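Chemist: Below, each chain spelled out in residue letters.
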Amino acid sequence: MVAAARAWEAASAVPDPEVPCVTVADLGILRSVEIEGGVAVARVTPTYSGCPATLAIELAIEAALRDAGFEARIERVLSPAWTTDWITPEGRDKLRAYGIAPPEGPAGKAALFSVPEVTCPRCGSRDTTRISEFGSTACKAQYQCRACAEPFDYFKCL
Amino acid sequence: MALFDAVLELADDHLVLGHRLSEWCGHAPMLEEDLAMPNMALDLIGTARTLYDHAGRLEGAGRDEDALAYTRGEREYRNLLLVERPNGDFAHTMLRQLYFAAFMEPYWQAALSSSDSVIAGVAGKAVKEMAYHIRHAGEWVIRLGDGTEESARRMQAAVDALHPYAEELFEAGAETGVLPSREAVRPAWEASIARIFDEAGLRAPSVAYPQTGGRQGLHGEALGPMLAEMQALHRAHPGATW
Chain A
-6 MVAAARAWEA ASAVPDPEVP CVTVADLGIL RSVEIEGGVA VARVTPTYSG
44 CPATLAIELA IEAALRDAGF EARIERVLSP AWTTDWITPE GRDKLRAYGI
94 APPEGPAGKA ALFSVPEVTC PRCGSRDTTR ISEFGSTACK AQYQCRACAE
144 PFDYFKCL
Chain B
1043 MALFDAVLEL ADDHLVLGHR LSEWCGHAPM LEEDLAMPNM ALDLIGTART
1093 LYDHAGRLEG AGRDEDALAY TRGEREYRNL LLVERPNGDF AHTMLRQLYF
1143 AAFMEPYWQA ALSSSDSVIA GVAGKAVKEM AYHIRHAGEW VIRLGDGTEE
1193 SARRMQAAVD ALHPYAEELF EAGAETGVLP SREAVRPAWE ASIARIFDEA
1243 GLRAPSVAYP QTGGRQGLHG EALGPMLAEM QALHRAHPGA TW
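Line by line, the protein sequences give chains A and B. By the working numbering, the letter at position 2 of the first sequence is numbered -5, and the numbering carries on one by one without gaps. By the working numbering, the letter at position 233 of the second sequence is numbered 1275, and the numbering carries on one by one without gaps.
Worth flagging that the hints you see were computed from the coordinates, not collected in a lab. One thing to keep in mind: the hints can contain errors.
A few chain B residues facing chain A, derived, Cβ under 10 Å [said to hold, decoys possible]: (1) 1078; (2) 1088; (3) 1090; (4) 1157; (5) 1257; (6) 1260; (7) 1264.
In this text, all values refer to a predicted model and were calculated from it rather than measured experimentally. In this text, a Cβ means the ideal position worked out from N, Cα and C, and glycines have one as well.
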């Protein structure tokens, strides 16, 4: 396997520290891994301006690359800004299986006062209600299913 | 140095408002809001960090984000007076948030095409976060304004108290070529506020003497104690890491 592919394999397997069911590649925050002058350069885009996990994610990717035998460097890329559209289909399935409703529909400019229809990750009902705009982490909101009564996290669509 | 000053002003706005919001942590009127306000504070402080880092590089004098945030005194802070206003009751906090976010959302929208790649990058992230803040604060302003007699009275009291600070949002700084015109944001801000006030049954008072001076370092008495608390640890243990 060529070095770049091996480096990608190592970096892309790093789990998200707050949502460990998905990897940084599933979330789309690992933008690329390239070999530049013998150094594996991983480019990472933070999810939110103040995401407290950003540094932990960067350190974990750097460690994974070193473990795979690379000299490693992390570059934080702000533009273009991360959007939930970058979460892979596989990542969405993993979130659902973990009990987190993945973002619904394409990210657009959030309409004032619109509340998205969210599907319950447990029973699949669309009869759900928002409990709180903010959840256990900055990227999630709290919902509850009216059909099965289960409260769940919804990965906000941004 | 016009760009350094302008980026520093923006960074100060975000840090001071972020710190103010964080003061609610553990004291919010309900659990959801206890999660919501620190979450919004994180957005603001995250934006401030990137802006301070950028400002430090523009200045080229070796000051990093910590030096800019923790070792400048009150008169060196250039934030808007609006964002340093004490939290007051929940109505005051939500109105302050609405006024700021309703300005920053269209401002960052205009900054998306900035030739400064850091500014454009920050804008791409912040524009979505500010849309969220408008929605959150706007819903509360409507709910309280259009709520009980007591909630409506307190919401209107917050409008009367904070409206004199709104004009400073539009104060022009030096021309930088890479940051949007603040005055150009006025129509969008006024439209957002009018729509929400209309639904909330609130009246914007006429303001004879707008409160300004933050950009010149002339602050109200509330900023000093806030900075003292925010900076105490860093000043007691400069350069400490853990």
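Chemist: Now tell me if each hint is right for this structure.
Modeler: How the hints compare with the structure:
Residue-level restraint check for residue 1078 of chain B holds (minimum Cβ-Cβ distance to chain A is 4 Å; threshold 10 Å). A least Cβ separation of about 3 Å between residue 1088 of chain B and chain A falls short of the 10 Å threshold, and the interface hint therefore holds. Against a cut-off of 10 Å between C-beta atoms, the interface hint on residue 1090 of chain B holds, since the closest Cβ of chain A lies about 9 Å away. Because the closest C-beta pair between residue 1157 of chain B and chain A is about 12 Å apart, greater than 10 Å, the hint is violated.
Given the 10 Å rule on beta carbons, the hint for residue 1257 of chain B is violated: about 23 Å separates it from the nearest Cβ of chain A. Hint status for residue 1260 of chain B relative to chain A: violated, with the closest Cβ pair at about 29 Å, above 10 Å. For residue 1264 of chain B, the shortest C-beta to C-beta distance to chain A is roughly 23 Å, which exceeds 10 Å, and the interface hint is violated.
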